[in-house]
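Engineer: Line order of the protein sequences matches chains A and B. For the first sequence, counting from 1, position 326 maps to 491 in the numbering used here; every step adds exactly one. For the second sequence, counting from 1, position 488 maps to 653 in the numbering used here; every step adds exactly one.
Think of the hints as simulated: they come from the structure by calculation, not from any bench. Accuracy of the hints is not assured; some may be wrong.
No copy is singled out in the list; a pair is fine if it fits within one copy or between any two copies.
What the hints assert, rightly or not - PhoX-like, lysine-lysine: derived pairs with alpha carbons at most 25 Å apart:
{"#": "1", "residue 1": "Lys642", "residue 2": "Lys471"}
{"#": "2", "residue 1": "Lys631", "residue 2": "Lys642"}
{"#": "3", "residue 1": "Lys589", "residue 2": "Lys642"}
{"#": "4", "residue 1": "Lys173", "residue 2": "Lys629"}
{"#": "5", "residue 1": "Lys173", "residue 2": "Lys688"}
{"#": "6", "residue 1": "Lys549", "residue 2": "Lys688"}
2 protein chains.
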Amino acid sequence: MDIEGFRKAGYAAVDRICDYYASLAERPVSAQVQPGFLSASIPTSAPEIGEAWERIDNDYHSVIMPGITHWQHPNFYGYFPCNASFEGALADLYCASISNPGFNWSVSPSVTELEILMVDWVGRMLGLDEAFLSTSGTGGGIILGSASEVALTVAIAARERCIDRLTPQHPMPTVHNGMNGVGSLDADQDVASAGQSAAEVGADATLVANTRLAKWRGGLPSRLVMYGTTQTHTIAAKAALILGLDFRALPVSAESSYSLSGATLAAAIAEDVALGRVPFMLIATIGTTSSGAIDNLPEIVEVVAKHPTLWLHIDAAYAGVCLSLPELRAEMHLDAINSAAVDSFSTNLHKWGLVQFDCSPLHVRDRGDLSRALSITPTYLRTKQADAGNVLDLRNLQISLGRRFRSLKVWFVLRSYGLEGFRKHLRTTMQLANHFESLLRADDPGLLEIVAQPRWALVVFRMKPKGEGCDVEQLNKAFWDDLEAQSAHFVLTQTSLPEVGFCIRFVVGSPQTQRHHVEQTWKLVAQTARSTWARFKSSSSS
Amino acid sequence: MDIEGFRKAGYAAVDRICDYYASLAERPVSAQVQPGFLSASIPTSAPEIGEAWERIDNDYHSVIMPGITHWQHPNFYGYFPCNASFEGALADLYCASISNPGFNWSVSPSVTELEILMVDWVGRMLGLDEAFLSTSGTGGGIILGSASEVALTVAIAARERCIDRLTPQHPMPTVHNGMNGVGSLDADQDVASAGQSAAEVGADATLVANTRLAKWRGGLPSRLVMYGTTQTHTIAAKAALILGLDFRALPVSAESSYSLSGATLAAAIAEDVALGRVPFMLIATIGTTSSGAIDNLPEIVEVVAKHPTLWLHIDAAYAGVCLSLPELRAEMHLDAINSAAVDSFSTNLHKWGLVQFDCSPLHVRDRGDLSRALSITPTYLRTKQADAGNVLDLRNLQISLGRRFRSLKVWFVLRSYGLEGFRKHLRTTMQLANHFESLLRADDPGLLEIVAQPRWALVVFRMKPKGEGCDVEQLNKAFWDDLEAQSAHFVLTQTSLPEVGFCIRFVVGSPQTQRHHVEQTWKLVAQTARSTWARFKSSSSS
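Let the sequences and hints guide you as you build the complete structure.
Structural biologist: Put into structure tokens, the structure is as follows:
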């Protein structure tokens, strides 16, 4: 495709996207296809000769689109939202036109510098303390691809920091690793300084690279424990699984709204320490997936402050954007988030923050904790600017080398919406969720109940017919089957809560959703509850 | 921005991108800015009130663009290419318009199904054996974001498989982890089957989740060793660093073109086993970064076949796309790649494969090796289709939960170019690199020499004036400084090779590069060599 071909194809794609959004509400929310549907339409190999663009473009709309579940649909209330904005789409288009792997400052200075500035914009918007911003000199952060990547990245840094603090007699070595000719593990700083990277390599070059592992030999890693609660997202357990470390899910109760208390944490630490384990990280959550629970951060930070080997990460993947709303900051424990005991914080702008997937800003109190754990600099990645210590190479704060230019979409969205528009989006969404909650609470036959305090735009409910004895768990599984059968009309998500059991989540998040969409979905949910109950009652009594 | 606003802004962005490509050759290749340049143009906080799109769009071109190093520029010969195509840009635009996190089949069936089909298309294009395709039933793969992510993901699977094979008396447990109500680590299969995920949770739910760690307690992980060579990309050492495992860089020599031999590998294994270490993974490379070296796969697979705990991964991040060229398959050891000893293979389509960053297809012989190491399924991620065992949820083959719709750009590019066009792009590029090589070899004053056998589109050279005694290392560092000072005109990369030392890489890769661009750059390089030498000689003699 040449330049004029792209102009034509680009205009056409823009028109198609306009048509898509104009017709979105009329489309089935969830793809109505069967597993394996696509293989009937797509040959088993790439074509030998290139095809005309019009044909390919048409196939996208006729072949791919029927298998797309429309997360931007006004009646998509599943999981957490995955916002799209036109501004974000334009940013992704521009990024694709200047595709580059952005690993070092010099390979595209704007990619690095805009990211540092945008992480600061997000931090200020959320009310994070100066310590979490790049302007503090030590803090700041990076934009990663997902909360999972954040959890793993932070866990690596937490592990290394814990081991360093417990084994000060074995400081982190600068490893002359013999790889790629001249190279070093620039582990002690996030900007390599001249000379230090220039270790010469012996001719045999067969040494084992990770000499830092020597200090692990005492078996310390096998004693490390990561904490979360039974409500923490599985990103925590998965990070522990990947690193081969223990994850301990601390108990929370319905009575305390599934919030981790300081007492529970303190008891777990005492118990583990007595058993010779080393608690190295706690992932506390502001807004759990199943119920929107908020861990008791004011209590937690007091406990963590007494345990310097424990890294405290705040996972606010869904709800964190609401720290931009002054009226919610107290409830969301902003003061505790900003206390010195908190090492890192992350929210996903790609959920409810109007920025396309993927975009997970991570704020850390000490950027050096990341770079000490993650920096490796072979000769072919050295640059004049990094050698001079003048720049930050973001690859040293993350797992991968290459990285996308994610900050552009943040810049586009926050400028186009302004803080005012960003906050309005969140408040409007919450009002819609409140409306759903009110309709549910006011429902006459009393078939439904709300099972956890609704927060932000999340309402968790289940069937529990008033004054009727029945197997509530089975009833709700039947209810879920009946709701899921209507996925062309709306999408919800199943979950399960301690002391409650099976229940159903409703989350508003799409900027497309309006009051009438919520009312229309509520009507279908209420009708379904009636029909499920009628069927369930008759089959139970028969 | 509303729909009509997007139509206008979208057309304008397409026009701007057309202008960009039309003017690309006139732009400075590398950004001519100083560290910190961007903070002067961007306020410290997001605006309170939204701004007009025209202003934002203009700022992208006037503020961001000067800080972009143009990897698509015809005179970009640095690192490895990071191709962009118009087709890929259109795919990214479409993906952004239907933003979704694609973690399960059901959350967008097309995202999962097209990816499985495209991984097969790529595998067939490269001549990979049926065992690496989804149609084999056990093989197939996934598209990840980078070769780093591939190396880490594969290392996790290799670690788990090694431990399982060494401790058959402790089979991998299905862990009822007490997280998020009802959940399980569906570790034994990549499709959860009904019933198995429905483990009930005890009321205390305080158990340590990773009971699989019990079998690690014998200290096995501290004995694991990953192999590469001194020329293996640092993705290997970084994966080992992240997992806290040893990486051993095996020696290679200039005489054998930096290729790992079977004898070197066998000797290392014997040595490590005698010391009680457990070799669990080898990353062999087809096309190293510094010199394009090819490890001796025919020898390596024979050694690996005798060591069932050793996972053999082929990193062909740069060169792998050239397996699409029948004339290069023998030299690239396709037969050995397809032998049973090879567990996984990966190339980056986002380097030389016309697909925008990021796009790293990973082919594995047994998908179950990934899912056994990486699956965790809480209730809120369960689906009817997965419970029924009918679908593959790609989150179970990767580190993160969410994932981008990367296969769309593969589909667009391979259909629009066809295999013929894809191959033509590679062959044309290699001819241009050959032309640079010929010009260099024919250079009259004999100031330059090629230091490693040129392969694909990579030429590695340095200054070594014929018949002149001098400090070659210092001369080349001075040469590099002089070359780098011309980064507005062309971009190269420094590296270092064993027995050679400091040298310079020239890689063609942009579809924009034509013969006259290469000749123009060659002239500047040749002139620079003359002026560096004149200055160096006079300062040495003074």
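Engineer: Hints first: check each against the structure and report whether it holds.
Structural biologist: Taking the hints in turn, this is what the structure says about them:
Taking the closest pair of Cα atoms, Lys642 and Lys471 never come within 25 Å of each other, the shortest separation being 45 Å inside a single copy and 51 Å across copies. Taking the closest pair of Cα atoms, Lys631 and Lys642 come within 25 Å of each other only inside a single copy of the chain (18 Å); across copies the shortest separation is 82 Å, beyond that limit. Proximity of Lys589 to Lys642 under the C-alpha cut-off of 25 Å is found in neither arrangement, the shortest distances being 36 Å within a copy and 56 Å between copies. When the C-alpha separation of Lys173 and Lys629 is checked against a cutoff of 25 Å, the pair qualifies neither within a copy, at 57 Å, nor between copies, at 51 Å.
Taking the shortest alpha-carbon separations for Lys173 and Lys688, neither the intra-copy value of 44 Å nor the inter-copy value of 38 Å comes in at or below 25 Å. Taking CA atoms no more than 25 Å apart as the test, Lys549 paired with Lys688 passes between copies only; the shortest distance there is 24 Å, against 64 Å inside one copy.
Hints 1, 3, 4 and 5 from the list above are not met by this structure, while the remaining hints are.
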